[in-house]
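Engineer: Sequential numbering from 33 applies to the first sequence in this note's numbering.
Honestly, I wouldn't trust all of these hints.
Unchecked claim - What follows is a list of derived Cβ distance ranges for each label pair: (1) R555 with G273: 29 to 35 Å; (2) K135 with K550: 30 to 36 Å; (3) G372 with Y205: 28 to 34 Å; (4) S665 with T561: 22 to 28 Å; (5) I578 with H439: 35 to 41 Å; (6) A197 with E471: 32 to 38 Å; (7) Q709 with E36: 51 to 57 Å; (8) E157 with K189: 31 to 37 Å; (9) V384 with R555: 36 to 42 Å.
Stated by the list, open to error - DSS-like, lysine-lysine: derived pairs with alpha carbons at most 25 Å apart: (10) K351 with K434; (11) K621 with K405; (12) K200 with K369; (13) K550 with K421; (14) K550 with K189; (15) K431 with K69; (16) K200 with K150; (17) K419 with K431; (18) K514 with K189; (19) K201 with K363; (20) K549 with K73; (21) K653 with K706; (22) K470 with K201; (23) K565 with K549; (24) K663 with K621; (25) K363 with K351; (26) K421 with K411; (27) K746 with K663; (28) K69 with K43; (29) K72 with K411; (30) K653 with K67; (31) K151 with K169; (32) K663 with K677; (33) K621 with K549; (34) K151 with K131; (35) K200 with K487; (36) K73 with K514; (37) K201 with K706.
No wet-lab data here; the hints were simulated from the structure. For glycine and all other residues, C-beta sits at the position ideal for the given N, C-alpha and C.
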Amino acid sequence: MIPEGPYDPLKTEPTLYDAWERSGYFNPDNLPRAKGKRAKKYIVYMPLPNVTGTLHMGHLLNNTIQDILVRYHRLRGFRALYLPGTDHAGIATQYVVEKELKKQGTNRFVLGREEFIKKVWEWKEQYGNLIYAQLRKIGISADWSRTRFTMDPTYAKDVTNAFIAYHKKGLIYRGVRTVNWCPRCQTSLSELELEYKEEPATLYYMQYGSFTVATVRPETKFGDTALAVNPRDARYKQYVGKTLQIESISTEGTLETPMRATITLKIVADNAVDSKFGTGVIKVTPAHDSVDFQIAERHTLPLIQIIDERGKMNERTGKYAGMNVIDARKKVVDDLKALGLITKEEAYTHRVAICYRCAHVIEPIPSAQWFLKMNTLAKSALQAVTKKKTSIFPSRFEKVYKDWLAHIHDWTISRQIWWGHQLPVWFCAHNKEDKNKKELFVVANKKPVRCPFCKKCTMEQSPDVLDTWFSSALWPFAGLSKNDLNNYYPGSALITARDILNLWVARMIFSGLSTMKKVPFARVFIHGTVLAKDGRRMSKSLGTGIDPLMYINKNGADATRFAVIWQMGGQDIRWDEAAVIAGQKFCNKIWNAARFIQIRTDATLSTKKTSVPRAKTSADKKILSALTKTKKSVARDIESFAFSKALHTLYDFFWHDFCDIYLEISKHQLDDVKLVQNTRTILSSTLLQFLKLLHPFMPFVTEAIYQELPGKKKRFLMIEEL
RNA sequence: GGGCGUUUAGUUUAGUGGUAAAACGUCACAUUGACAUUGUGAAGACCGCAGGUUCGAUCCCUGCAACGCCCACCA
Numbered sequence: 033m034i035p036e037g038p039y040d041p042l043k044t045e046p047t048l049y050d051a052w053e054r055s056g057y058f059n060p061d062n063l064p065r066a067k068g069k070r071a072k073k074y075i076v077y078m079p080l081p082n083v084t085g086t087l088h089m090g091h092l093l094n095n096t097i098q099d100i101l102v103r104y105h106r107l108r109g110f111r112a113l114y115l116p117g118t119d120h121a122g123i124a125t126q127y128v129v130e131k132e133l134k135k136q137g138t139n140r141f142v143l144g145r146e147e148f149i150k151k152v153w154e155w156k157e158q159y160g161n162l163i164y165a166q167l168r169k170i171g172i173s174a175d176w177s178r179t180r181f182t183m184d185p186t187y188a189k190d191v192t193n194a195f196i197a198y199h200k201k202g203l204i205y206r207g208v209r210t211v212n213w214c215p216r217c218q219t220s221l222s223e224l225e226l227e228y229k230e231e232p233a234t235l236y237y238m239q240y241g242s243f244t245v246a247t248v249r250p251e252t253k254f255g256d257t258a259l260a261v262n263p264r265d266a267r268y269k270q271y272v273g274k275t276l277q278i279e280s281i282s283t284e285g286t287l288e289t290p291m292r293a294t295i296t297l298k299i300v301a302d303n304a305v306d307s308k309f310g311t312g313v314i315k316v317t318p319a320h321d322s323v324d325f326q327i328a329e330r331h332t333l334p335l336i337q338i339i340d341e342r343g344k345m346n347e348r349t350g351k352y353a354g355m356n357v358i359d360a361r362k363k364v365v366d367d368l369k370a371l372g373l374i375t376k377e378e379a380y381t382h383r384v385a386i387c388y389r390c391a392h393v394i395e396p397i398p399s400a401q402w403f404l405k406m407n408t409l410a411k412s413a414l415q416a417v418t419k420k421k422t423s424i425f426p427s428r429f430e431k432v433y434k435d436w437l438a439h440i441h442d443w444t445i446s447r448q449i450w451w452g453h454q455l456p457v458w459f460c461a462h463n464k465e466d467k468n469k470k471e472l473f474v475v476a477n478k479k480p481v482r483c484p485f486c487k488k489c490t491m492e493q494s495p496d497v498l499d500t501w502f503s504s505a506l507w508p509f510a511g512l513s514k515n516d517l518n519n520y521y522p523g524s525a526l527i528t529a530r531d532i533l534n535l536w537v538a539r540m541i542f543s544g545l546s547t548m549k550k551v552p553f554a555r556v557f558i559h560g561t562v563l564a565k566d567g568r569r570m571s572k573s574l575g576t577g578i579d580p581l582m583y584i585n586k587n588g589a590d591a592t593r594f595a596v597i598w599q600m601g602g603q604d605i606r607w608d609e610a611a612v613i614a615g616q617k618f619c620n621k622i623w624n625a626a627r628f629i630q631i632r633t634d635a636t637l638s639t640k641k642t643s644v645p646r647a648k649t650s651a652d653k654k655i656l657s658a659l660t661k662t663k664k665s666v667a668r669d670i671e672s673f674a675f676s677k678a679l680h681t682l683y684d685f686f687w688h689d690f691c692d693i694y695l696e697i698s699k700h701q702l703d704d705v706k707l708v709q710n711t712r713t714i715l716s717s718t719l720l721q722f723l724k725l726l727h728p729f730m731p732f733v734t735e736a737i738y739q740e741l742p743g744k745k746k747r748f749l750m751i752e753e754l
């Protein structure tokens, strides 16, 4: 019996969730209507939240959408799997644990690698499952029995196997690259991991013999290996290809006395040079600038490293060695000025790259890295979408995806941090390279018993770990046991936000094709971003973040799910908490309507076909046809990812067609002996149909009402037949 | 700089080649009913700006502006 309202989500939700989870029906293998090989499957791989993460609005939206799809298909009799897991999030997690250590007055270098990794695991055991508890509060029907963590031994094995397989195919190589190095995190960062900030700087006009070069980084001059001009720049045409002796400052002597020196620089012509900027001449410092590195590659210029991994000037800079770049810049400028080699200074706003994690300024430095050749892999991913093996919705994102793949560079997959999947690469401990400078290493899952090179050393594993995206790109199959691979790969839909379309989705597609020979999912749905009410991004640093748990704990998960879907149009959501209140009122409305129906009818949940309602009055006819129409359009909208539209349709149908009109008319029809029985049937069957239709969106209140209604052989609305 | 997108009532959003809907908010009236109320109704939009195509444009095209995102560049 439905108790007198108002509906109390806070009392209902936790109990119901426990009951669902204990029932085992989140596990598709237990679904009574989806037994056997012929059962259709619906599979969603949850975008892995970081172990360091706490629930935010993005998770709420993302997981609500996925849960709608999974619950809908489960009701439709599909063998529905919603696969949860967490990402070890290399840099992010290492950063968090290092902050903890700092509070304890220690750091990872004091502990050593092994001890540090132990600490990270301890941290993970303590805090890493918080996100799961929070996701449960949203009410998502993920199969927790299959939960995976990307550092689990089985997952890790798939990661190293993928590396070995790529290596066998000749797709992995080692090379020196000017990488974006974070001196604080001691790691290289991909371009995608950089952030930028505007910073006031000075543009110095330095004399290079007869040339003047504008630069904001005079201290890198010791790493210069050329000067470059635009090939169409008439002013400098005569110098192109020549090697000139140029007067500059020396690294010798003492810091007190600036000294002159003569250096030799080649003049090259390259399109990367903008003839309108500064003087149209740039100094090329391949070791400490990514553009310069590319110019150097085109003109085979040497690479001179003058800044080390800690962001300090190295021994090649003589008397400047040991200074950090900022101090060195001041000193070099002073010395150049003393010798009259700086002719002009201009204020300049400079966009500097900063580490996305710790915000430290990035220092480009040369470093030995591992690369994955992208050519064939990118082509395969491109083809998958072109040939519609995977479709992207909304379709405009296809272009973003294709553009990225068409202009892709090889992927730097190595990272110099400690927390992650260590490369399955074993070096000879005696000699890192042979006479021909060929590096001596073995790629293998296990440490070789005997070194094939020196025959006597204990081989050393590469200290590098893999980019976190390398492992998360394998999620659709590395997240599954061998047994499950046959049943649950590939997936049906991948739901994510646009910012990781390329970072993650494209990489999952080529990884899946490479390892499993099949695209990992048939459809990709890109949803919008939840913004603050004023249109700004929600972020902790801006103070614009809103904790969805606040609403869940106050208004209930259903109301919160309602709010986020209700507001989700074809674009970003400007979060308005009024929608949560609307959702809560809607719960209450349904609760009370159900109560009315139960009081005025027997409201038995009969699944027998004998109680098929018939339209005897025009009101009957209207509500029954409205129900049919609603069912059809909701189904169509869910299939086409138009969740908000489906929810609006359901809301309008229930509140207006059903409650405002039919329920009011039914009060008269229930007093008519000729109509009473049929009206009762219409009321209770329409309610039940509606509960099923709404269940994917608002699972708790619908299940709660279902549980209160009398009926035989009743289990859960969650597994009813829609 | 290149690309993609967005711009519709106070707010958040739908939508259509024939001058526009909804929810919330506001206001008025009714109501104690299954409903911490609910119902009925009202006010409120030159559909970003300027051109063009068309008998007709909010919708199609072009340009501009603002905002957002992605990519590139930033010596």
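Engineer: Against the structure, test the hints numbered earlier, and report the numbers of the ones violated in rising order.
Structural biologist: Of the numbered hints given earlier, those the structure breaks are 1, 2, 3, 6, 7, 8, 10, 11, 12, 15, 16, 19, 23, 28, 29, 30, 31, 33, 37, listed in rising order.
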